[in-house]
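Engineer: Going down the list, the protein sequences come from chains U and Y.
Under our numbering, the residues of the first sequence are numbered 1 to 452, in order.
Under our numbering, the residues of the second sequence are numbered 1 to 93, in order.
Treat the hints with caution; some may be incorrect.
Claimed, not checked - Derived contacts from chain U toward chain Y, CB cut-off under 8 angstroms, selection only:
#1 Met1
#2 Leu2
#3 Val7
#4 Leu11
#5 Lys12
#6 Glu64
#7 Lys65
#8 Glu66
#9 Tyr67
#10 Gly68
#11 Ile72
#12 His376
#13 Ser378
#14 Met447
Unchecked claim - If you want a taste of the chain U side facing chain Y, the calculated C-beta under 10 angstroms gives, among others:
#15 Thr4
#16 Phe8
#17 Thr10
#18 Met13
#19 Glu16
#20 Glu17
#21 Val250
#22 Arg252
#23 Met253
#24 Gln255
#25 Leu256
#26 Val257
#27 Glu260
#28 Ser262
#29 Lys266
Note that these hints are calculated values from the structure, not bench results.
Nothing here was measured: the structure is a model prediction, and the numbers come from that model.
Every residue, glycine too, gets a C-beta built ideally from N, C-alpha and C.
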Amino acid sequence: MLSTGEVFETLKMIDEEHLDVRTITMGINLLDCASANVERSCNKIYDKVCREAEKLVQTGEDIEKEYGIPIINKRISVTPISLVAASSFADSYVPFAKALDRAACEVGVNFIGGFSALVHKGYTSSDRILINSIPEALASTTKVCASVNVASTSAGINMDAVEQMGRIIKSAAELTADSGGLACAKLVVFANAVEDNPFMAGAFHGVGEPETVINVGVSGPGVVKAALTSVKGQDFGVVAEVIKKTAFKVTRMGQLVAQEASRRLKVPFGIVDVSLAPTPEVGDSVAYILEEMGLEKCGAHGTTAALALLNDAVKKGGTMASGYVGGLSGAFIPVSEDAGMISAVQEGALTLDKLEAMTSVCSVGLDMICIPGSTHASTISGIIADEAAIGVVNNKTTAVRLIPAPGTKVGDVVEFGGLLGTGPVMPVSQFSSESFIARRGRIPAPMHGLKN
Amino acid sequence: MQRSSAVITVNGIDRVGIISTVSSILSKNNVNVANITQTIMQDFFTMVMMVDISEMTCDFETLSIELETAGEELGVQVRIQHEAIFNSMHRLS
C-alpha cells in the first residue's frame, strides 16, 4: 500500500517542482510518400501524418487527465525530407515543409521535426536542395523544425556543410527579422545526430526506426534542484546519489506514460529520453541545479565539473528505470529557455566560451544562444566547426542552435515567448575565421572513429 | 499494471462535510473505498483515499470533473489519479 508521504512526494514534484513529461513524440516513416510528382508526394505526406497521428494529441491529453501528470508537448518526427523528396525532381522543398506544417496544424501538435538532411560525409543532390530551402521553409511555416547533421565520429566533419550552414543560419534570421530571427530557433546543426530524439528542434525519424514509434522525453530540473537542497554541504558522492534517485523516479513516470501511449495508440514504444530540459519558468532551471551544488553563479569555475556530474548521474538513474533509454538523455543547457542561464549571462558570469566547454560534458550543445545580428556567417561556421569537433572527438552528440538576431547588439534582449524564452545577446570573438572556413573539404575522422 | 485502482487526494482548509461529499460521489458512481488516511494539521485538511474503480459506472473523466467541482464548492482541492503513477515512481515491482 502506498504511504501518504509517497503520494504527496509525487504531488509536490508535479505542483511545486515542475515535474512533467516534456513531450510525447510520434515518429512516422515517410519513405513510402516519395513520388516523382511534388504535389502527389506532398499530399501523401499530409495524408499519412494526419492518419497516423490522428489520435496522438487526444491520447496525450487523456493520459494527462487520468494520471494527473502534465504532458507539455505532443509532437511528430518524420523521415528526413531530403530522402523523401529526392525522387520528386523539385528544385525547392518548401512545398514539403508546407505540407508538414498543414498536417501538424490539422492534428494539433506544436512542432513537427524532420525537415532534415544528413550530410556528415557529403551531399546528395537532394540534400543540397533541402538545405537551400531551409530559410524559406522555416520562415513560411510555424511548426516545422529543421536539422542538418554535418559531422560524425566515423565520417569526420563536412566543412563544406559547416561553411554553408553559417550562411543558411544568417539567411533564416534575416527572413524572420521581424520576430528576432525566430526561424533559427527551429534549426539545429548537429554532429552525431541521433535517430530517436523526441526533443525539438532536432527530432527526426531515422531510417533504422520502425514504421511508427512512440518516444517520450521526460524532464524535471526543478525536482533535482529541490532534492539537492536537502543535502546542502555534503560530498559529491551524496550529490550523485540524490540525482540518480531523482532521475530514476522521473524516468519511471516517463516509462509509464510511454507504455500507456504506445498501448492506446497501438504504436510500438521506442525509447524514453531522460533529459533535464529547462523552461523559462523560475524553478525549472538546469543552471539553478549547478548553483545548488555550490557555485555562486552558473559559469563560475567548477561549472563544467558540476555539469559533468549531473549529466552522468541523470543517465545512471534513468537507465535502470526504463527498458529502453535513448535519444539525447542528459542535461540540456539552452540559454534563452533557462531563467538561471539568462541571469548568469546578464550578470557576466556565463560566456560563450564557458558554454562551449560545458557542451563537452552535457547531452547536446550550444543551444538557443542569441548573438549580434552583424555576426559574419564565417564566424557562425567557426562556432559550428568547434562544436562539431567536440562531438566528433568525444563520440557524443553536439549541436548548434544560434540566433544571429537581426539588428541586435551585445546586451540586447530578444523575446521569443513561450518555451523558447528570452535570449540575451552574447558577444562572439571579434577575430575572423573566414580564411579557415573558406578552406572547405572534410576534416578526417579521428583515430577512435576506426573502431572495427 | 493495476488499472482498477486510483488515488484520491484532498487538500485544503478543514470544514464540515468533506469526507461525506467525496464519499457520496464515489458511492453514487459505484466506486469502493479501500483505504482512507486523513490528518488535520493547524486547520489544514489532508486526505488520501485508495479506491477501487473497476466496477465504476461512469468514465474516469466524468468522475474526475465531479470530484473537482465538489472540491471547489467546499474550498478544497480534490483530485483523482490512476494508482499506477505512484506505484511506478515508488515501487520496484
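Engineer: May I ask which of the numbered hints given earlier this structure violates, with the numbers listed in increasing order?
Structural biologist: Of the numbered hints, 5, 6, 11, 12, 13, 14, 19, 20, 28, 29 do not hold.
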